[in-house]
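Required output: the full structure, derived from the provided sequences and hints.
Take the sequence shown: its position 291, counted from the start at 1, is 293 in the numbering used here, and no numbers get skipped.
Watch out, some of these pointers could steer you wrong.
Cross-link-like lysine-lysine pairs, in silico, PhoX-like; alpha carbons within 20 Å at most [stated by the list, open to error]: (1) Lys32 with Lys202; (2) Lys393 with Lys415; (3) Lys32 with Lys126; (4) Lys431 with Lys396; (5) Lys331 with Lys148; (6) Lys534 with Lys573.
Just the calculated beta-carbon pair ranges, DEER-fashion [claimed, not checked]: (7) Val104 with Ser199: 51 to 57 Å; (8) Trp310 with Pro389: 28 to 34 Å; (9) Ser112 with Ile304: 46 to 52 Å.
Simulated from the structure, these hints should not be mistaken for lab results.
Note that beta-carbon positions come from the ideal geometry of N, C-alpha and C, so glycine has one too.
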Amino acid sequence: MRDMGSRFGLFLLAVSILWAPVLSDLVISKVDRRIDLTSQIARITSTLKVENEGSDLVTEVLLAFPDVQAEHLAHVAATSSVGKGGKGKAKGSSTSYAVQPVDPKGMPASLTFYSVTLPKGLGKGESVTFDVLAVLTHTLKPFPEKITQADIQLLVFQDTAHYLSPYPVKAQTLTVKLPDARIESYTRVDNTKNVGSEIKYGPYENLPPFSYSPIVVHFESNQPFAVAEELVREIEISHWGNVQVTEHYKFVHGGAQSKGEFSRLDYQARPHVRGQYAIRRLVAKLPPRAHSVYYRDEIGNISTSNLWSDSKKTELEIEPRYPVIGGWKTAFTIGYGLPLHDFLFQSDGKRLVDITFGCPMNEVVINTLIVKVVLPEGSRDISVSAPFPLKESKETKFSHLDIAGRPVVVLEKTNAVPEHNQKFQVYYKFNSLAMLMEPLMLISGFFFLFVAGIVCMHVDLSISKSSASYLAKLQWDEVQATIQQIQHIINRGLVIHDKLEASLRDLSRTGDIQACKAARKAADGSLKELSKEIKPLLAFLQSSQQAAHILPKVEELVTKERDLEERLMAKHSTIVDCYEKKYGGKEIENRVASQLQKITALRKEVDDLLEFIDEI
Numbered sequence: 003m004r005d006m007g008s009r010f011g012l013f014l015l016a017v018s019i020l021w022a023p024v025l026s027d028l029v030i031s032k033v034d035r036r037i038d039l040t041s042q043i044a045r046i047t048s049t050l051k052v053e054n055e056g057s058d059l060v061t062e063v064l065l066a067f068p069d070v071q072a073e074h075l076a077h078v079a080a081t082s083s084v085g086k087g088g089k090g091k092a093k094g095s096s097t098s099y100a101v102q103p104v105d106p107k108g109m110p111a112s113l114t115f116y117s118v119t120l121p122k123g124l125g126k127g128e129s130v131t132f133d134v135l136a137v138l139t140h141t142l143k144p145f146p147e148k149i150t151q152a153d154i155q156l157l158v159f160q161d162t163a164h165y166l167s168p169y170p171v172k173a174q175t176l177t178v179k180l181p182d183a184r185i186e187s188y189t190r191v192d193n194t195k196n197v198g199s200e201i202k203y204g205p206y207e208n209l210p211p212f213s214y215s216p217i218v219v220h221f222e223s224n225q226p227f228a229v230a231e232e233l234v235r236e237i238e239i240s241h242w243g244n245v246q247v248t249e250h251y252k253f254v255h256g257g258a259q260s261k262g263e264f265s266r267l268d269y270q271a272r273p274h275v276r277g278q279y280a281i282r283r284l285v286a287k288l289p290p291r292a293h294s295v296y297y298r299d300e301i302g303n304i305s306t307s308n309l310w311s312d313s314k315k316t317e318l319e320i321e322p323r324y325p326v327i328g329g330w331k332t333a334f335t336i337g338y339g340l341p342l343h344d345f346l347f348q349s350d351g352k353r354l355v356d357i358t359f360g361c362p363m364n365e366v367v368i369n370t371l372i373v374k375v376v377l378p379e380g381s382r383d384i385s386v387s388a389p390f391p392l393k394e395s396k397e398t399k400f401s402h403l404d405i406a407g408r409p410v411v412v413l414e415k416t417n418a419v420p421e422h423n424q425k426f427q428v429y430y431k432f433n434s435l436a437m438l439m440e441p442l443m444l445i446s447g448f449f450f451l452f453v454a455g456i457v458c459m460h461v462d463l464s465i466s467k468s469s470a471s472y473l474a475k476l477q478w479d480e481v482q483a484t485i486q487q488i489q490h491i492i493n494r495g496l497v498i499h500d501k502l503e504a505s506l507r508d509l510s511r512t513g514d515i516q517a518c519k520a521a522r523k524a525a526d527g528s529l530k531e532l533s534k535e536i537k538p539l540l541a542f543l544q545s546s547q548q549a550a551h552i553l554p555k556v557e558e559l560v561t562k563e564r565d566l567e568e569r570l571m572a573k574h575s576t577i578v579d580c581y582e583k584k585y586g587g588k589e590i591e592n593r594v595a596s597q598l599q600k601i602t603a604l605r606k607e608v609d610d611l612l613e614f615i616d617e618i
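Structure (structure tokens):
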């Protein structure tokens, strides 16, 4: 910490020595600075009383920021302090001054300057008092950078106890507000005291331009560092009465990185001790009358959310699927609908969308914020008015029933903070008759569909019965019917074969030879009838050209079935003869063993052929 403070001090020392005699006409008679470090966003509020000791009229006051701070400067604004109980204005009212980045000549290159434009010029001997708010992100650095689940989070912040300005400062004070009274260490200089969670420096008097006094504060803060690496807000305008807002978040905990294991049991048992700096829940303050609110991620809907609404606001409390600790990431989507009449207005012949720009969640730092305003198809002459600089581009989105696509205004801002959650306006022209385009498309589509249906019902689309293709189809249908009949006959023959096998099993069990012979005689008669039935069917197939490609397989099937039939009869005769001669079981098995192998092989071939013909 001492090294960080010394580097900062050496930088300011060089500036003070080289650039002290700059801009002597203006003098800051009093500066009260307040640095709020109660969240991850550092807010520096400076109340300046500026006097003109020169003879020339002064219209601007310069604000100086070191480059190490300027690169983290998210927002800077200046407002008058007269309304705070001042004369002639109501208490609490204020006037905003224009603040613009400038590059004045003769100033150090290591400083970044902003110009505050005074509404009225400051004449000789006159003074003005105003407040300057500077919002800094990513300036609170975890120290140590990695901690365990049980450790507390410690942060380091560095600045100067003296107000850095190109003008002399007659009197100044500084108050640093911390989230807790537990402070590890802080720089002690003249007139320094610690009161609870505040550290006060000053007063200091008669300081030259670019005066410095580096300070470093090391303190405890278990506030969660909710950082959105990217937030894409899509605002889709529908002239049918709805504004659909969809927000895609990519969150990361930007605080001290987690090291070691994470115990869910310890976290649930003692959440305020084990992982007390984790992101447990987030609250989104949505506009009033928000409806159809949902909260989900890539997995699906997340049920750990609560919604409260009244006539003034709608609050959505969401809880991630898991506690997000240092370095962990999560992504989710929030969507909701809004009534169109609350955000769409008419202005000078144009339509005006007036809606807030930033994130609805408090104390969230957004590295990249992209707002897409999807306008209705047919919108033209589009322009944007915003209270701060934005990167603007345009694209086209296609949705249902779109022809040319919907124009999309894309606004992008980096390093966004809650102070950017201000209203912006999108102006465009739109012909109300264009709203009828989609309903007319639907009506026309259904009309032509019904007309096509009526035409199809009254048009004869059948193939001519005298055409060659129709005749060929009839012949093929006859071939298919014939093949099915042959298959049926073959299957009936196989059933008879099974009955013969059953009679042999009954013979081995009962020894009734006469019953077995009777079954054989009945089977012979049935098989002869089947043989007579199959002959004319084969003759038809042999005479038909449509059956030429399948006839060989059918003939092979019939041949195999007959061969199977003959071998089954031979097996039956052998076994019956053996029983008449009273041979033993072993000898019977030996006599029919070779026949059994052939019967099994033939039966498989017949089954395969039947299956092949079925597929054809």
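Notebook entry, point to check: Is Lys534 within 20 Å of Lys573, Cα to Cα?
Noted result: violated, 24 Å
Note to self: Checking one constraint from the list: CA of Lys331 to CA of Lys148, max 20 Å. Satisfied?
What the structure shows: It holds: about 16 Å lies between the C-alpha atoms, which stays within 20 Å.
Checklist line | Ser199 and Val104 - C-beta distance against the hinted 51 to 57 Å | finding: violated, 36 Å
Item checked: Hint consistency between Lys32 and Lys126 [alpha-carbon to alpha-carbon, up to 20 Å] -> Distance of about 18 Å is within 20 Å: holds.
Note to self: Please verify whether Lys431 and Lys396 have alpha carbons no more than 20 Å apart.
What the structure shows: OK: Lys431 and Lys396 at ~16 Å, within 20 Å.
Next item on the list: Using the Cβ atoms, figure out if Ser112 sits within 46 to 52 Å of Ile304.
Entry: Holds - the Cβ-Cβ distance for Ser112 and Ile304, about 47 Å, lies within 46 to 52 Å.
Notebook entry, point to check: Is Lys393 close enough to Lys415, meaning Cα to Cα at most 20 Å?
Noted result: holds, 6 Å
Check: Has the given pair, Lys32 with Lys202, been kept, meaning a C-alpha gap of at most 20 Å?
Finding: Satisfied, since the Cα-Cα distance of roughly 16 Å is no more than 20 Å.
Check: Are Trp310 and Pro389 spaced within 28 to 34 Å by their CB atoms?
Finding: holds, 29 Å
In terms of the numbered hints stated before, the structure departs from hints 6, 7, listed from lowest to highest.
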